[in-house]
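If you're matching them up, the sequences are chains V and C in order.
Following my numbering, the numbering of the first sequence begins with 639 at its first residue and continues without gaps.
Following my numbering, the numbering of the second sequence begins with 37 at its first residue and continues without gaps.
Derived from the structure by calculation, the hints contain no laboratory data.
Don't be surprised by glycine CBs; every beta carbon is placed ideally from N, CA and C.
You may find that some hints are simply not true.
Said to hold, decoys possible - Beyond 12 Å from chain C on every Cβ pair, some chain V residues (computed):
1) Pro667
2) Gly676
3) Leu1100
4) Leu1233
5) Asp1358
What the hints assert, rightly or not - Which bits of chain C does chain V cover? Going by a derived footprint, with three or more residues having C-beta under 8 Å, they are:
6) 80-86
7) 108-120
8) 129-137
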Amino acid sequence: MNQPSDPRHREAVEDLPRLVVAVLNRVLPDRLRDNVLGDLREEFRSEIVPRSGPFGARLWAWRQVIALSAAYCRERADWKGGLTAWGGDLRIAVRSLGRSPMFSFLVILTLALGIGSNAAIFSLVNTVLLNPTPFRRPERLVQIQAVRGGERGKISLREIRDIREQSNIFEGVAAYYPGSRYTHSSGGRPEKLPAILMTHNLFEVLGVPLALGAAWPEDFDRSRNFGLILSHNVWKRRFGGDPGVVGRKIALDNASSYVIYGVLREGVDFPVHSDLYRSIFISRFFPNIEDRASRGVLGVARLRPGITVDAARRHLADLARQFEQRYPTTNMGVGFELSPLRESFVGETRPYLLLLWGAVGLLLLITCANVANLLMGRAVGRQQQTVVRLALGASRWRLLRQVATESILLSSIGAVLGLLLADRGVGLLTQLIRFELPSWMRFEMDARVLLFTMAVAVLTALFSGVLPALRSSHGDLAESLKSGGRGGSAGAQRGRLRSALVVAEISLSVVLLVGAGLLVRTFLALTESRLGFDTHNTLTFQVALPWTYDETRVNAFQRETMSRIAALPGVTGVALNTNLPLAQSDLPHQKEIVLEGQSPDQRTTNPFVNVQTVSESYFDTLRIQLSEGREFQPTDDVGTPRVALISRRLAGRLWPGRSAVGRRFRVAGEQAEVRWLTVVGVVGDVRSSDLVRDENYDVYLSLRQVRDGWTYYAVKTATDPHRIAEAAAQGIWAVDPEQAVYDVMTFEERLMRVLWRRRAVAMLFAVFAALAAFLAAAGIYGVVSNAVQQRTREIGIRLALGATPRQVLRQVIWQGLQLAAGGIMVGLICSLALVRTVVSLVYGVSPFDPITFAGVPLLLVAVTVAATLHPARSAMRVDPVVSLRQE
Amino acid sequence: MQDQEFLGELEHTILLAVMRRGDSGYAVSIRREILERVGRDVSRGAVYITLDRLEQKRYLTSYLTHPTPIRGGRAKRCYQITSNGLQALSHSRGAMLRLWEGLEGRLARAHEPAV
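The shape of chain V in the complex, shown without the other chains (with noise of 0.2 Å):
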């Protein structure tokens, strides 16, 4: 991404840190709070940013944020004497920290890990899941769909006024149709505009009321004409923000009579990223408007008040069995399905995103347990600084609110860190992003982020804290004396609650690590999985000709381009399909087919095909196999029998046991009879957009016979596809230099670009359990080198009586693999309990994946005995005079 031009960039470098002024927000009195503000921006912008750069400012900003935190909090300790108090433990807390720097900074390390991951996690559920959308009342907003045998699909217009019309749960119903394209020419340099066709009411069901101007006339759904909806953007963009725009009437495509009717608000935008919305009437989409069968549009509605959407699933449900009835040749075994709106944006990136969290939980769980960990074997020192202070009459309370100030510090100073690690971090999470957001939805650290992280912190300081403050709080001054603060019942007591937390700490991190292992095999097994084609060496990317151009104008400039392309040096082959493989957005583009001589309640039984018109050289370019009949010929042509290849797997499922080759078919919504198809060839199955879900059934039409100006162009290279990109976008241009190439890319881009979410889940799983096993590894460290030291005298006695080194080191690593066994069987048995979370994301392979299930252990068992060898080797080297002399 070009940096300069990164809006949010710029807002940096212009601002205060979002994350300064909300910190602000909290600290500051209400009345000095937008004077304290005004002044920090105002220095920020006149001369801080222009001295020392953006960089420097954001450091300014945040020393200002520290002097005015620490000048208010001191304020409010000095006048409320209660206070003060406290104010001295903290100021011991900061000392005794300050004493152990590389304690300090230990703990500190591990919580800004741990509370940073979770805060950093949170902001992208923050945003993705709990932000609100710029519509009104969105939680009534529900998106509807027709579904046949289990598969959702586009619903005709016909049924959206028909829901409209017959039922009256809903305030309004509207239809769009996404993913359209239009060049703008006048006003500045050409340029392909993304579209969405919509129907009048679109944005008063969505309760957004137009920047400027009026939705256009009902009748406009219904008959041939060019109303206009510009975005924000595009109005400020390309007609210089003119209040005068209404009723102007403009180019597109090269057709001038689209009438501008209304602008957007800012920020409204809908479903995602659109800079034209255009009256849903097109004739060459919708050459029969009345048909219920011409299913292409999405519907979205508004609920009434007080109407729940199971109550608006079960009025639907009787809708479209008295639409079976009344309607059977259109409508037998078709329902219509009702999801709540953002789901349609959220879909299938909640369950990751949930996963991703409770991942993060966890991590924070063994967090607390190493701090826990950690402080208590501080504790182990201070433990006759301790005695002789309760003997001196300090009170239990007095001891635990000293612990308890110190570990809130700890955790106060993690957070910030923390916070600053995830302002980084959500950075680099964006970039995993693969898919168009709605401009809406944007990745900041608001209040609510803010907050979490508070009381993740408090939560941190809680569960690390009360642990060690209860132990070091008990002591009794007889024992501890006499065993010198080391030994004792005390300190076996205090050993074996240490060891409990390593094992928990294992344990979490078993379970982390399986979930990690069997989301990577997942993502590894998709990647290898056959696609049914040869992505190797393919580059593709989209031409999209403009409506205006007829037949023969289309036909040859694919000709004219192909050959051009094709002739380029290193080029193998060249192919056109309008509908690539891996190239589709998350939209169902299923049809509906009917078969020679079926009754309509036969035709319920017909699955949803994926229709894609392609060029002769097709199944040649990208090696999909012919297993029965011929392919297409350059004879199939306007003037001869319409024809079609299918996938083996439509053939098996329409025509089990027999053959294909000769049978006829037509897709819905397509009247005539000359639009009979007959079956040709039968091809191998390819998988095109979800490569989980094995649910593709293929049609194949030629593009000699139905000719379509929006195709994508698959170019098969000898070398480095990337290599030809521009010589081939130049083929284009010298064909026709008006025409935009878009959406390049190899087959492996899209690939990816399809696993994005898979990807990115299990990299970071990874990630998290990384750290997770390092953390364990280090509640290991601590606690075998703590029973080292507090053993010296007993390993030199042994060693004096004449045990020899090697029998040392082998007890000391065989403490730590008992607590790393505990911790394992605990973790394996919680994992196994667990995988039913994770067992809708795993894919490929079995969720008891027998490599996850003995890898894992093995990994931990190496990783314990790695963090023992350190004590291990250090209790190998005791003397033994020397370690019973100290006594």
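For this one, chain V is given, so just place chain C on it according to the hints.
Just chain C now, kept in the frame of chain V:
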């Protein structure tokens, strides 16, 4: 004026800086005034807290200006000294001067080169 409390050192400094800025002093310009005249970089938080305390003691009054874009649409709080403030200053100054009486000579000696 028996029970009048004495100004703290920072309070004294800030009241003088407010007077120097005329009617248009606000936290940023007051801080800068102190930095330029005295060479002392008073912390931002201390300036706000002291200004607020002086206003509560009625030594200062404040008013808000129109919001400006460079301040992100936020108003500026400008401070003026009140007659109470002037009295307090004069009281503190008098006390200091009385304490200094007869001691200037010692200061002069401090600046002589040591032999």
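Coverage criterion applied to the segment 80-86 of chain C (partner chain V; beta-carbon cut 8 Å; 3 residues): holds (count 5)
V:Asp1358 clear of chain C by more than 12 Å, beta carbon to beta carbon? holds, 50 Å
At least three residues with a C-beta closer than 8 Å to a C-beta of chain V: is that true for the segment 129-137 of chain C? Result for this restraint: violated, n = 0.
Least C-beta distance from V:Gly676 to chain C larger than 12 Å: Contrary to the label, V:Gly676 does not stay out of reach of chain C, its closest Cβ about 3 Å off (not over 12 Å).
Taking a Cβ-Cβ distance under 8 Å as contact, does the segment 108-120 of chain C have three or more residues in contact with chain V? holds (count 5)
Beyond 12 Å on every Cβ pair: is that true for V:Leu1100 relative to chain C? holds, 29 Å
With 12 Å as the threshold, tell me whether V:Pro667 passes as away from chain C on beta-carbon distances. Since the minimum Cβ distance to chain C is about 8 Å, V:Pro667 lies within 12 Å and the statement is violated.
Once the closest CB in chain C is found, is it more than 12 Å from V:Leu1233? Holds, since 67 Å exceeds 12 Å.
The earlier numbered hints that this structure contradicts are 1, 2, 8.
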